[in-house]
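Peer 1: Below, each chain spelled out in residue letters.
2 protein chains.
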Amino acid sequence: MSNLNGSDSPKIHVETPPVAPSAPSEGHHAAASGGIGGILRRWKREDLIKRGSLGLRGIALLFCLISFIIMASNKHGDWREFDKYEEYRYLLAIAILSSLYTGAQAFRQIQELSTAKQLLQPRMAAMIDFFGDQIIAYLLISSASSAIPMTNRMREGADNIFTDSSAAAISMSIFAFLCLAVSALISGYKLSTQPYI
Amino acid sequence: MSNLNGSDSPKIHVETPPVAPSAPSEGHHAAASGGIGGILRRWKREDLIKRGSLGLRGIALLFCLISFIIMASNKHGDWREFDKYEEYRYLLAIAILSSLYTGAQAFRQIQELSTAKQLLQPRMAAMIDFFGDQIIAYLLISSASSAIPMTNRMREGADNIFTDSSAAAISMSIFAFLCLAVSALISGYKLSTQPYI
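Chains as they are written, first to last, in UniProt numbering: chain A, 1 to 197; chain B, 1 to 197.
Everything labelled a hint here was simulated from the structure, so no lab data went into it.
Mixed in with the good hints there might be a few duds.
Computed beta-carbon distance windows for the label pairs [stated by the list, open to error]:
#1 161(A) <-> 110(B): 28 to 36 Å
#2 157(A) <-> 156(B): 35 to 43 Å
#3 75(A) <-> 122(B): 50 to 58 Å
#4 100(B) <-> 36(A): 46 to 54 Å
#5 104(B) <-> 115(A): 47 to 55 Å
#6 51(B) <-> 113(A): 37 to 45 Å
#7 100(B) <-> 73(A): 53 to 61 Å
#8 157(B) <-> 49(A): 45 to 53 Å
#9 117(A) <-> 46(B): 54 to 62 Å
Listed below are several chain B residues computed to face chain A (Cβ distance under 7 Å; list not exhaustive) [stated by the list, open to error]:
#10 135
#11 138
#12 146
#13 149
#14 156
#15 160
#16 163
#17 188
Every beta carbon over 12 Å from chain B, so not counted as near; a handful from chain A, in silico [said to hold, decoys possible]:
#18 47
#19 55
#20 72
#21 90
#22 96
#23 112
#24 168
#25 181
#26 184
Built from N, CA and C at the ideal position, the CB exists for glycine as well.
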């Protein structure tokens, strides 16, 4: 995934495989005219990745927030209160945590896009992105799967506003998980293009 | 993470950041004598990564197998049979699946180490490694967390051989998850050092 388009001059030949040009068919003997196009393509791709990553985090934030709000307002008296079940408390806690995480990341990314100034060192930011996304994705899938069996069993008996809200909150957590799993892949790509690691 | 130690000659200067030498303090003006050392270091590191990845998969295979065996033999009559609960059936299914996956991967890696011949194209293998590890890790954490709440609740009432075996199988699945999560990170690194992506 590492690429420095058009940065290797035609004169040097190295034993180790050269860093990839964007199109495999070009080979690594990039002509001087292809060099500028390569750099432009690289910039365009990096911009696309930056925006895509921001978009995914934004969508994940939305899903987490919806999950959090639905679950937090899921109190309908008697046995139909979310805080009587540890699975739902866990789901709520993880929804809050991931809202905070994705919110903070999206805020940082928007600020970096608008002011073109890096808040963190790029390498540090890439590491935080990669590990953070993975950990939050693991937490989200874990909380969703812990809440699913009980909800299933409840819905076999009775289908009311409480079980429906729980199911909705779980679905939102799963959607947020999907967004963050893709975001973790993108962060892995960004980490791999960092120099000096 | 991309690195071609000592492969860039002192004469060329490029706008884009150069690929990383192993020690940041060296800068990218590697002396000719440092070039061979760099390549040797790179080989040593790649060998270490290959062995580390194989070791992690081996340990994960062990944990998955133990989890699978404990859960499959967890039948003690009456309500104490694992196949009466969907969570335990799910755990068993995922334990079998991940045993097969880690077993196949470890087999492939051992064969590649002993015959020094690649069964798959390196780029294809790196992609399969990366996505496979991530997906299996997500499945393992999902199955373990879905089985935990019910086991917890059962153990509040009665603590017998059935609940103890379930808890043991769950723990083994979680250990296997940890191994595969680290293995996914290593696969991400390997993917990032693939040329032509």
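Peer 1: Which of the listed hints are broken here?
Peer 2: Hints 1, 2, 7, 9, 10, 14, 15, 16, 21, 25, 26 not satisfied by this model.
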